[in-house]
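Peer 1: Working from the sequences, and respecting the hints, build out all of it.
Protein chains: 2
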Amino acid sequence: MLSFNEYKDLINSHLTDLIADPGEEAAVLADAMRYSLEVGGKRLRPVLLLASCDFAGGEIMEALPYALSLEYIHTYSLIHDDLPAMDNDDLRRGKPTSHKVFGEAMAILAGDALLSTAAETVTGAPLAFAGIPVKMAAHIRAAHEIMSRAGATGMIAGQTADIRGESLEPDADLIRYIELHKTADLITAPVRAGLMLAEADDDMLSAFTTYALDIGVAFQILDDILDIEGDQALMGKTLGKDAEQGKCNYAYVHGIDAAKEELHRLTAEAKDALSPYGDKASFFMSLADSLEIRNH
Amino acid sequence: MLSFNEYKDLINSHLTDLIADPGEEAAVLADAMRYSLEVGGKRLRPVLLLASCDFAGGEIMEALPYALSLEYIHTYSLIHDDLPAMDNDDLRRGKPTSHKVFGEAMAILAGDALLSTAAETVTGAPLAFAGIPVKMAAHIRAAHEIMSRAGATGMIAGQTADIRGESLEPDADLIRYIELHKTADLITAPVRAGLMLAEADDDMLSAFTTYALDIGVAFQILDDILDIEGDQALMGKTLGKDAEQGKCNYAYVHGIDAAKEELHRLTAEAKDALSPYGDKASFFMSLADSLEIRNH
Numbered sequence: 006m007l008s009f010n011e012y013k014d015l016i017n018s019h020l021t022d023l024i025a026d027p028g029e030e031a032a033v034l035a036d037a038m039r040y041s042l043e044v045g046g047k048r049l050r051p052v053l054l055l056a057s058c059d060f061a062g063g064e065i066m067e068a069l070p071y072a073l074s075l076e077y078i079h080t081y082s083l084i085h086d087d088l089p090a091m092d093n094d095d096l097r098r099g100k101p102t103s104h105k106v107f108g109e110a111m112a113i114l115a116g117d118a119l120l121s122t123a124a125e126t127v128t129g130a131p132l133a134f135a136g137i138p139v140k141m142a143a144h145i146r147a148a149h150e151i152m153s154r155a156g157a158t159g160m161i162a163g164q165t166a167d168i169r170g171e172s173l174e175p176d177a178d179l180i181r182y183i184e185l186h187k188t189a190d191l192i193t194a195p196v197r198a199g200l201m202l203a204e205a206d207d208d209m210l211s212a213f214t215t216y217a218l219d220i221g222v223a224f225q226i227l228d229d230i231l232d233i234e235g236d237q238a239l240m241g242k243t244l245g246k247d248a249e250q251g252k253c254n255y256a257y258v259h260g261i262d263a264a265k266e267e268l269h270r271l272t273a274e275a276k277d278a279l280s281p282y283g284d285k286a287s288f289f290m291s292l293a294d295s296l297e298i299r300n301h
Numbered sequence: 006m007l008s009f010n011e012y013k014d015l016i017n018s019h020l021t022d023l024i025a026d027p028g029e030e031a032a033v034l035a036d037a038m039r040y041s042l043e044v045g046g047k048r049l050r051p052v053l054l055l056a057s058c059d060f061a062g063g064e065i066m067e068a069l070p071y072a073l074s075l076e077y078i079h080t081y082s083l084i085h086d087d088l089p090a091m092d093n094d095d096l097r098r099g100k101p102t103s104h105k106v107f108g109e110a111m112a113i114l115a116g117d118a119l120l121s122t123a124a125e126t127v128t129g130a131p132l133a134f135a136g137i138p139v140k141m142a143a144h145i146r147a148a149h150e151i152m153s154r155a156g157a158t159g160m161i162a163g164q165t166a167d168i169r170g171e172s173l174e175p176d177a178d179l180i181r182y183i184e185l186h187k188t189a190d191l192i193t194a195p196v197r198a199g200l201m202l203a204e205a206d207d208d209m210l211s212a213f214t215t216y217a218l219d220i221g222v223a224f225q226i227l228d229d230i231l232d233i234e235g236d237q238a239l240m241g242k243t244l245g246k247d248a249e250q251g252k253c254n255y256a257y258v259h260g261i262d263a264a265k266e267e268l269h270r271l272t273a274e275a276k277d278a279l280s281p282y283g284d285k286a287s288f289f290m291s292l293a294d295s296l297e298i299r300n301h
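Quick note, the sequences are listed as chains A and B, same order. When you read off a place in the first sequence, starting at 1, and then add 5, the result is the number in this note's numbering. When you read off a place in the second sequence, starting at 1, and then add 5, the result is the number in this note's numbering.
Simulated from the structure, these hints should not be mistaken for lab results. It cannot be assumed that every hint is accurate.
Treat identical chains as interchangeable: a pair holds within one or across any two.
[To be verified] Derived pair list, reagent style DMTMM-like, types lysine to aspartate or glutamate, alpha-carbon separation capped at 25 Å: (1) K252 / E109; (2) K252 / D36; (3) K252 / E29; (4) K252 / D26; (5) K276 / D176; (6) K105 / D94.
Peer 2: Structure (structure tokens):
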């Protein structure tokens with residue numbers, strides 16, 4: 006296995022490889038797609054996909070298109086989330102958001118195009134294995150996993166609940182729904198898809214699903230904590246917006262101490278799920294620890 | 006083969022079957038998706054997919070999820086196109102547009118969710134044929150065809166050029182680019198995908214691609230003509246908007262007589278491409294004729 010930064014470097018060095026040239030008539034579309042991809046990011050989701058595939062004995066270069074697709078989906082969700090009609094954010098990762106640079110219409114289309122490119126990629130990649138039907142089936146399973154968790158009962162359902170939450174009394178069930186779907190689904194998708202590409206067995210799939218859901222929910226709870234006590238310069242985005250917009254935030258509803266406790270509990274549970282794999286799973290154990298103490 | 010209306014009835018009776026229930030926390034998302042689907046429509050794209058598959062000897066029930074996916078993609082593109090930041094339309098098919106009913110944020114998410122559901126569907130359907138690898142490959146090819154032509158070098162590139170055209174002098178090349186990508190790509194996708202599902206040969210694929218591109222471009226030219234001399238009540242949308250927004254419109258640039266001539270030439274060329282199939286292709290011949298004389 007490689008280190009987090011080695012996987013991340015691999016992602017970054019191929020990041021815009023799959024952004025096709027639409028010709029001069031629509032060149033601005035590709036410009037807008039690349040802008041939001043290249044503005045930076047932790048690349049957590051694509052790294053998880055490569056690492057999971059690698060862990061289970063798969064080929065990371067086979068997994069690369071799926072990993073990039075995850076980053077395209079994550080990036081489209083941020084572009085649309087930042088729009089004036091949604092969270093109305095001017096800054097993302099310390100840079101002007103897509104609609105501030107390209108205008109609202111192009112930001113909507115750039116988001117649509119990143120999601121479409123992900124779909125185009127994951128329906129194209131399995132065809133490389135038409136001569137090896139078992140592999141082709143594994144690939145299409147991974148494709149379906151990604152699209153399902155990104156979709157109308159996954160990430161987008163989470164975004165919907167997040168917006169709906171603005172006009173409701175904060176509620177523990179609604180918060181859990183938002184954590185699971187808005188955030189954890191798109192962290193679980195790469196882990197499961199990576200394993201599927203490597204044709205991992207059901208036990209491994211089940212253990213890593215628990216791990217991924219736990220770190221996914223933990224990730225959102227930490228985000229909620231950082232919205233209150235984070236460093237705006239480090240975060241590169243406007244903080245304190247949850248209170249201002251009346252968003253469901255775990256730390257507001259349960260208190261910041263309870264939030265930190267839950268974060269710690271989830272991290273421990275995530276690591277525990279991988280204990281059968283011992284030291285071999287150290288990449289994922291360390292990652293869970295590092296996510297718990299991230300400050301941006 | 007069935008009649009156009011029989012295919013359409015089949016589509017309409019299954020139209021929302023693939024709209025999943027996200028639970029009460031995000032119920033409004035499914036409501037918004039269903040609203041725009043059920044507001045009506047010609048169902049031209051899904052009918053073309055079923056008919057093409059049927060023509061080439063495929064199973065129409067196997068093709069149904071792909072046909073529905075095409076309508077989901079078409080509908081998402083209309084929802085996003087109608088947004089205030091895009092064409093700012095209050096009416097579509099005589100009914101209030103999505104953002105007028107559900108607000109802008111939900112309209113953005115409903116569009117995203119319809120595109121995602123299409124991607125989820127076309128990556129899920131091939132798995133039913135994991136035991137028949139040749140069929141599975143045909144299905145993935147159809148999935149990829151749909152996603153490519155809907156994507157960043159297809160329909161979305163066309164939308165981008167359409168918006169860009171508002172601030173440019175009307176130009177014949179740009180108009181052709183818009184016709185091909187904004188409109189013809191999403192008419193060609195169902196025809197080719199339907200044939201792919203039926204494992205049609207290359208000659209048939211080639212002839213029908215010419216047919217579909219021709220009727221697709223013709224469809225857009227007629228839309229341009231109707232924007233000038235159509236009946237607003239019949240069309241169910243605001244007309245005369247192209248001139249108002251400075252859009253590239255074939256009839257403005259080339260004149261309305263030249264537009265009608267080109268419409269007729271394309272319709273004849275489309276039918277000519279299918280002449281090797283004689284009467285067997287009468288469904289598609291009649292459809293080309295009926296599209297030429299449609300008044301809404």
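Peer 1: Hint numbers the structure violates, sorted upward?
Peer 2: 5
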